[in-house]
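Asker: Assembling the complex is the task here: the two chains are given apart, and the hints tell you how they should meet.
Chains as they are written, first to last, in our numbering: chain A, 7 to 126; chain B, 12 to 416.
Keep in mind that the hints are not guaranteed to be accurate.
[To be verified] Which chain A residues face chain B? A few, computed with CB under 7 Å, are given here:
| hint | residue |
| --- | --- |
| 1 | Asn-12 |
| 2 | Ile-13 |
| 3 | Ile-14 |
| 4 | Ile-16 |
| 5 | Leu-17 |
| 6 | Leu-19 |
| 7 | Lys-26 |
| 8 | Leu-34 |
| 9 | Val-44 |
[As the list claims (entries may be wrong)] Computed list of chain A residues with no C-beta within reach of chain B, every gap over 10 Å:
| hint | residue |
| --- | --- |
| 10 | Ala-55 |
| 11 | Glu-59 |
| 12 | Glu-60 |
| 13 | Ala-64 |
| 14 | Pro-75 |
[Unchecked claim] Mimicking PhoX-like on lysine-lysine, the simulated pairs with C-alpha atoms at most 20 Å apart in a straight line are:
| hint | chain 1 | residue 1 | chain 2 | residue 2 |
| --- | --- | --- | --- | --- |
| 15 | B | Lys-64 | B | Lys-108 |
| 16 | A | Lys-18 | B | Lys-416 |
| 17 | A | Lys-18 | B | Lys-131 |
| 18 | B | Lys-64 | B | Lys-41 |
Rather than coming from a laboratory, the hints here were simulated on the basis of the structure. Using N, Cα and C, we set each Cβ at its ideal position, and we do this for glycine too.
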Amino acid sequence: MAKSENIIRILKLPSGAFNKHRPVSDLLWTQVEHLAAVVMGMIDGERRAITTEEQASAFIKKYTAFLRPPAPGKKPTASSNGVGKKAAPSTNNGAMKKLAHSSSKVIMKTMKKPPRSSKR
Amino acid sequence: MSVGLDNLKHIVVLMMENRSFDHMLGALKKEDPRINGLSGDEFNPDTTNMPIKVQPLAEYQSQLDPDPDHHFPGVNLQLYDGAGGAPARPSMQGFIKSYFQKRRDVDHSHKIMYYFPPEKIPILTGLARNYAVFNGWFSSIPGPTLCNRAFAHYGTSFGEVGMNLFYLNVPYLSIYERMLKAGRTAKLYYFDEQSSSLEVVNLLKKQPRLFGLYEDFIADCKKNRLPDYCLVEPNYSDHEDDGGGELIASDQHPDHHVLAGEAFIASVYNAIRKNPNLWKSTLLLITYDEHGGIYDHVPPPACTPDGFVAPAEATGTGAPFAFDRLGVRVPAVAVSPWIPKSVVVAGPEDPVNGRVFEHASIPATVMQAFQIQDDNRSPREKAANTFLDLLSDQMRPDSDCPVFK
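In isolation and in its complexed conformation, chain B is listed as follows (with noise of 0.2 Å):
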């Protein structure tokens, strides 16, 4: 055990919302190789079949208006161009032709290949110089937010690809309740009533001693009254506050403004940060749920079937889905002082060293972190990559690690 690990009482997962690798932290193989990011080279065809590169033009806001296609049936698109389907080996080449579908302008739709300059995203492209990037974390599903998630929550999504969060006697329990049965603590911090959670079905009702606001996260970091494990929501709509302050989405979903984003993660970086005995003692990772339609390269691999199988009718594509293979790569950065400076965690493309990873790893990280011992849990949870091996036995001193201001 490294002495990071020996250290190690809290960990923090933010969860932010539709975007893909290559469109936040692509840019990045630039300056660093080992990233698996963007040549400047890939490209899809449009719609007319000309070839259409990606291009360091993203936006913070009204690029991708309306939202690109991210249901199962549009992943699909994106993944295969129209050409069969699994098990074939994903091409990548679909994502204009998708996203050309939601407004039939083909100028429009090469905005789908833009990608954002690290130095229009400081705050994210600065956690990955600094700390750990995953070159391959991949969504869980092929498909929207809602059964992306709840592969964080419970290590599953029940046989969904959709929407529907309405998972009644399932046979699993989501990581909070897991945590309390085993003695230990656990919240989902939401930003305000007004944003709620996106969890709202299962979990909301019955346990509410689970939840909390935002601004009891920021209490509870400055108070040393943070849970063992949390998993933090962003604010999910523009609206006021009671005094009629403006509140801006802070989850980063097209349409709303990138940059509210990069301050929203930077606020969580900095209320673990500015707590020395937290600092020290708190794995961060911050990571997105699905790709929202943004294109991404690498095409994404097989898994371990989930034991579950959503039928042809569920997906939309005229085949069912057994889960055994994920959905599109997505940003994932580690933070803690324990972990070495510019670390990149190979992915796919180490056919050696690299590692996969998903949403279900993370509570399998957890699980692993406080040693609870529970084999009532999904078989992808059991099969995923856990991420404790990334904290090291020399603690980083305070100076080498960036403040935001």
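Next comes chain A alone, as it looks inside the complex (with noise of 0.2 Å):
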């Protein structure tokens, strides 16, 4: 690979870095506008284009789910959970905790530290 003085070191995070509780900025306060019009989008032109009982009841169907939590113990299924309630993959884990063992391990750790206070 390369001669080892064109390796260069990723310099570690320090501890206490990750701040959850940070106040959101503009930034990720539009883009939840932004998603939350989408979604509303989406469920008034379904809403639309209702025209058949069968539809009508697909639609009340899928929202009911939506609203109604699953009973304890029960599992969501992909029947039951509706829009944006998906199960997480079960991919993502066995995937991201993969990545945090690579180059870019200190863009996540795995042990949970308790919040820092917010600065602001």
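Answerer: Quick look at the structure:
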């Protein structure tokens, strides 16, 4: 691979860099607003397209399931979890943990730490 | 056509957030005078009219808090210092005054002039030293994130100078749609579902096949499945994954930790670098969407008007904007083993050979690389410089190209 002088070290993040309680930025807030608008537009589009009882019942089922949390101990299924409640993909954790062991491991630390208080 | 261009199969763009050229790479001028960075004498007046010089005191986090203004009126103040405006040449003297408005603390406002010493950000500066750094890559609009990112996706923002992304019935297709239409492959990789894409309204619901997660990017690099063109989005927020693991924002948007972004850049580079097939056939561009309100000393130049005009009420400056001048300069580094070591692409400081680039250069370069003919593109994209000429006839040996560990 590269000569030893061509190895550049990735600097490590200090512990405590993670702060999930940081106040939301303008950028993230805009992203939230845009997603909300997309979802509302999709629901409205589905609503407007309804002309039959079958279509109405499918719409009602989908959004009733969305509003109703699964019974305790019952795993959500594709037919019951509706819009936006997708179960976590089973490959996600494995792939991300693998990533954590690669050169990008400082992006993610699997050790759970108590959150730091917000600076703002 | 160069041998490097002949071998080109993939273009990958990584677009980070909100840092200016001088803030990240300006210090490199001391070791390479061809780089149009900082001499150390650049200054801005503060609100007491004291001249405040640039200093190599940038910190990874907690320094640019609150977030510096980078909306259109704020950038206008940074460029013109409250004295007139376009078509005058920007003085670049209003950055401290703009940042003062955020906290009304004179000492704190000086921090907008701070820049990183190269050793604090070894990944970005390492890439700049080893491949090609652009002296003249500018954000497309003197404004915020989303309108600037739109230029990378569409070659225009369709007249928007703010965060409005609701482009309906637009006259031009995105570069991803154009690629698919031409029988090519293209993708936007976003970090994960919690971070998602900043291109949510227009493409996400219509074209889910255009999207993948960052873990897909890593897998696609390993398995030689990378599309012809892709844009990678960093993680935009600190959040936990499904297992409770901490995922730190890697976009470098203030006040996110800059080292997390460094690690992310290294991760993207390594994913390509470690696959020999991909390494010899991929051109990687790392750039930033806009300057985030942080000081840069190079006045943004004029450019080809975009055919749209943002009205005065949208710009917030009392004047309309014809998309006929660029935003503040941002870091941009092109990476490939076909690029000779330590290339500096001259910018506006060289009136003879210098070239100006902006985010519309991205779709323009992709169209050129894959020889897609489509005249239905924005005037800005049609006029944008491309950068395929950086690829040479000589592939550098593996031992000459750095690895990040």
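Asker: Run the structure past the numbered hints and jot down the numbers of the failing ones, going up.
Answerer: none
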